[in-house]
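A.B. asks: Residues per chain, in single letters:
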Amino acid sequence: MAFPEILDARSLRQGIDGFVNQLVIDYADSLERLSQPLLTFLVSVEQLLRNSPWYLVIAALAAIAWFGSRRWPLVVGVTLLMLFIGVIGQWDRGMQTLALMIVALIMCLIVGIPVGVLMSLSERFRKIALPILDVMQTMPSFVYLIPVVMLFGLGKVPALIATIVYAVPPLIRLTDLGIRLVDHSVMEAATAFGATRRQKLLGVQLPLALPNIMAGINQTTMMALSMVVVASMIGARGLGQEVLAGINRLEVGRGLLAGLAIVALAILFDRVTQAYGKRLQYPKQGDK
Amino acid sequence: MAKIEISGIYKIFGPNPKRHLQAIKKGLSKDELLADSGHTLGLQDVNLSIEEGELFVIMGLSGSGKSTLIRHINRLIDPTSGSIRIDGENVLNLRQDELIQLRRHKMSMVFQRFALFPHKTVLDNVAYGLTVQGIDKKNARVIATDWLEQVGLQGFGDQHPHELSGGMQQRVGLARALATNPDILLMDEAFSALDPLIRKEMQDLLMKLQQQLHKTIVFITHDLDEALRLGNRIAILKDGALVQQGDPQDILLSPQTDYVADFVKDVNRGKVLKARHVLAKPVSTLSTGTTVAKARDWMMRHGFDYATVLEGNYLKGIVTLNNLQSATQETLRESVSPVTSVLESADLESLMPRMIRDTAPIAVTTDTGEFVGWVSRTKVIRLISPAQAIDREASLTEPVE
Ligand SMILES: Nc1ncnc2c1ncn2[C@@H]1O[C@H](COP(=O)(O)OP(=O)(O)OP(=O)(O)O)[C@@H](O)[C@H]1O
Ligand SMILES: [Mg+2]
Numbered sequence: 387m388a389f390p391e392i393l394d395a396r397s398l399r400q401g402i403d404g405f406v407n408q409l410v411i412d413y414a415d416s417l418e419r420l421s422q423p424l425l426t427f428l429v430s431v432e433q434l435l436r437n438s439p440w441y442l443v444i445a446a447l448a449a450i451a452w453f454g455s456r457r458w459p460l461v462v463g464v465t466l467l468m469l470f471i472g473v474i475g476q477w478d479r480g481m482q483t484l485a486l487m488i489v490a491l492i493m494c495l496i497v498g499i500p501v502g503v504l505m506s507l508s509e510r511f512r513k514i515a516l517p518i519l520d521v522m523q524t525m526p527s528f529v530y531l532i533p534v535v536m537l538f539g540l541g542k543v544p545a546l547i548a549t550i551v552y553a554v555p556p557l558i559r560l561t562d563l564g565i566r567l568v569d570h571s572v573m574e575a576a577t578a579f580g581a582t583r584r585q586k587l588l589g590v591q592l593p594l595a596l597p598n599i600m601a602g603i604n605q606t607t608m609m610a611l612s613m614v615v616v617a618s619m620i621g622a623r624g625l626g627q628e629v630l631a632g633i634n635r636l637e638v639g640r641g642l643l644a645g646l647a648i649v650a651l652a653i654l655f656d657r658v659t660q661a662y663g664k665r666l667q668y669p670k671q672g673d674k
Numbered sequence: 577m578a579k580i581e582i583s584g585i586y587k588i589f590g591p592n593p594k595r596h597l598q599a600i601k602k603g604l605s606k607d608e609l610l611a612d613s614g615h616t617l618g619l620q621d622v623n624l625s626i627e628e629g630e631l632f633v634i635m636g637l638s639g640s641g642k643s644t645l646i647r648h649i650n651r652l653i654d655p656t657s658g659s660i661r662i663d664g665e666n667v668l669n670l671r672q673d674e675l676i677q678l679r680r681h682k683m684s685m686v687f688q689r690f691a692l693f694p695h696k697t698v699l700d701n702v703a704y705g706l707t708v709q710g711i712d713k714k715n716a717r718v719i720a721t722d723w724l725e726q727v728g729l730q731g732f733g734d735q736h737p738h739e740l741s742g743g744m745q746q747r748v749g750l751a752r753a754l755a756t757n758p759d760i761l762l763m764d765e766a767f768s769a770l771d772p773l774i775r776k777e778m779q780d781l782l783m784k785l786q787q788q789l790h791k792t793i794v795f796i797t798h799d800l801d802e803a804l805r806l807g808n809r810i811a812i813l814k815d816g817a818l819v820q821q822g823d824p825q826d827i828l829l830s831p832q833t834d835y836v837a838d839f840v841k842d843v844n845r846g847k848v849l850k851a852r853h854v855l856a857k858p859v860s861t862l863s864t865g866t867t868v869a870k871a872r873d874w875m876m877r878h879g880f881d882y883a884t885v886l887e888g889n890y891l892k893g894i895v896t897l898n899n900l901q902s903a904t905q906e907t908l909r910e911s912v913s914p915v916t917s918v919l920e921s922a923d924l925e926s927l928m929p930r931m932i933r934d935t936a937p938i939a940v941t942t943d944t945g946e947f948v949g950w951v952s953r954t955k956v957i958r959l960i961s962p963a964q965a966i967d968r969e970a971s972l973t974e975p976v977e
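In the order they appear, the protein sequences are chains A and B.
Heads up: the first sequence is residues 387 to 674, going by my numbering.
Heads up: the second sequence is residues 577 to 977, going by my numbering.
Read the hints as simulated data drawn from the structure, not as lab findings.
What you are looking at is a predicted structure, and each value in this text was computed from that prediction instead of being measured.
Calculated lysine to aspartate or glutamate pairs in the DMTMM-like style (CA-CA distance at most 20 angstroms, straight line):
#1 K776(B) - E925(B)
#2 K594(B) - D654(B)
#3 K776(B) - E920(B)
#4 K594(B) - D815(B)
#5 K841(B) - D923(B)
#6 K696(B) - D734(B)
#7 K870(B) - E887(B)
#8 K682(B) - E628(B)
#9 K696(B) - E574(A)
#10 K586(A) - D673(B)
#11 K664(A) - E739(B)
#12 K696(B) - D569(A)
#13 K586(A) - E674(B)
#14 K579(B) - E674(B)
#15 K713(B) - D700(B)
#16 K814(B) - D834(B)
#17 K586(A) - D700(B)
#18 K784(B) - E765(B)
#19 K857(B) - D823(B)
#20 K870(B) - E906(B)
#21 K586(A) - D712(B)
#22 K594(B) - D612(B)
#23 K784(B) - D801(B)
#24 K682(B) - E574(A)
The whole structure should be built from the sequences, with the hints applied where relevant.
C.D. replies: Set out below in structure tokens:
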């Protein structure tokens with residue numbers, strides 16, 4: 387049986403459309419201007435990665451792996467994974483995706499850590515932020531595309547923004563959690579010695595929360611990477627685009643190779659961030 | 577003026593403590609409050625005054641409010657009502673920045689579970705209070721190195737806390753607290769997490785440092801032996817209220833409530849009580865330069881058989897009236913007969929064999945040899961035997977045996 391018509395769906399739709407159009411008319415210019423630095427940043431990272439000789443890129447990533455983990459097997463693994471991406475002919479697209487990932491991750495750090503810190507400090511802010519984060523994490527990634535495309539249209543920047551919005555919640559949560567998990571008595575000691583809030587935050591809470599923050603970075607990276615294919619629907623270049631093309635044209639080989647390259651990047655990010663996180667773990671005092 | 581003056585402190589934990597304050601003041605008990613309103617009574621009407629240079633022990637069973645009380649002194653916890661004065665200044669009136677200055681310079685704290693910073697080296701842990709003050713890292717480390725040495729941990733500066741044993745970690749905790757050179761040291765069950773031998777070592781270390789530093793120390797423990805060993809004065813808490821305070825003998829010999837009596841029941845007094853607890857001070861003493869005639873007259877006038885002879889602050893021995901009757905020399909020096917002496921920190925158990933073996937008087941001296949008095953046999957017997965009220969007035973004026 388049909389549900390009785392209570393609201394006029396047609397006029398409702400029109401109303402929303404009208405509102406959004408007005409929004410775009412009013413703010414599109416300023417939004418574009420605001421997002422300009424982001425675009426510049428993304429483009430320059432992309433240029434850098436794509437124009438550098440491949441062996442330099444691999445060497446740089448290997449160096450990062452070494453400083454993150456101090457373990458040779460990981461360095462070798464990273465090198466092999468990157469070579470693999472090159473060998474299967476996905477180097478250039480891989481670099482585009484890598485650039486998107488790096489910029490998205492940096493933006494996530496800039497947004498996520500302060501928000502997480504704020505949450506840990508203010509119970510009131512936490513109460514507001516938690517349900518928002520819950521909603522963000524339960525929404526399918528496609529949904530993020532709608533408002534972003536509405537406001538920014540198609541292109542690199544909207545893809546980047548959608549990626550950031552989708553990927554940042556775990557970092558926020560784990561920053562908050564990490565800070566709140568810092569041993570109460572250690573915080574009490576800092577207070578008893580006359581540390582200010584700032585001194586406590588920078589000198590005690592953040593360093594001790596670092597392993598958890600690192601776990602957040604790990605999850606955020608993984609989520610950003612999983613957004614790559616979806617984001618390519620609205621204009622992100624790189625491996626995701628290739629997967630999408632493979633699906634659209636039913637070219638299994640094309641999609642599969644790009645997909646493998648994404649997996650390689652995922653393993654690489656995962657291992658390096660995890661290894662770094664593990665190295666930051668301090669044995670709790672008391673247990674020996 | 578007392579160093580720390582705590583007056584009329586009430587502390588109620590819960591969402592709306594002020595509302596229940598009146599009921600508590602009218603005599604509502606801790607259990608009733610909890611049942612009626614879900615609020616926990618932390619402290620009720622605590623009044624304490626702690627003098628400069630004193631090692632003040634606060635004792636009580638678990639949950640009696642010890643940690644709550646000590647945290648009021650540096651305002652890690654704010655009272656529901658009452659006042660806390662430090663050097664005469666009510667710390668409850670301090671602004672946040674003044675409070676921070678107070679914590680940085682005037683007092684520091686040692687914690688039961690050490691509460692060291694696991695991400696910092698031992699040296700940087702010790703230097704923490706200094707760096708928080710804004711002293712640059714290099715100078716702070718120089719000072720910290722010195723303190724690390726004072727607590728016997730030279731060479732461990734580059735390790736991390738988790739690499740040290742519990743006892744060593746608490747040495748770091750102590751060094752960290754002393755490094756800022758505070759007047760007041762707050763120690764919340766600082767040694768309770770350590771096993772007995774290490775604990776005794778730490779107590780010795782604390783007493784050694786205290787002899788040089790003369791800090792005002794507030795020391796929390798639930799261990800009576802520790803309290804009696806360290807404390808100049810002891811206060812006992814029960815359900816957030818003070819039930820008794822006094823010097824160690826007071827607590828041991830005249831417990832005022834069953835709760836306190838329970839506490840002191842199983843104490844090994846022979847171990848806990850020291851020679852300084854059984855002192856009898858001679859009414860007056862003679863010096864080696866006194867003439868025999870004068871001394872004899874003086875002793876006969878006061879009816880003494882014995883008299884104590886000092887040279888400066890140091891004990892020479894005793895003279896007896898009998899000896900003096902037959903003495904031929906001019907001054908006392910040649911008539912003095914030597915006596916055995918013990919340190920004031922010797923425990924009673926170690927005195928017993930000597931006291932049983934012969935009846936000669938035993939002198940008590942400080943570590944540096946200065947005379948402080950005689951071991952009083954009656955006091956020893958009274959203190960060793962089970963708790964009962966004794967007439968302290970009488971024992972104070974007891975003459976030398
Ligand atoms: N933050 C708090 N909120 C609610 N109740 C508290 C709080 N802190 C302490 N209490 C209560 O106050 C009472 C005294 O606690 P406190 O920690 O001072 O005891 P304590 O003498 O130090 O015990 P212990 O020997 O176990 O350390 C206890 O009943 C405890 O449950
Ligand atoms: Mg306690």
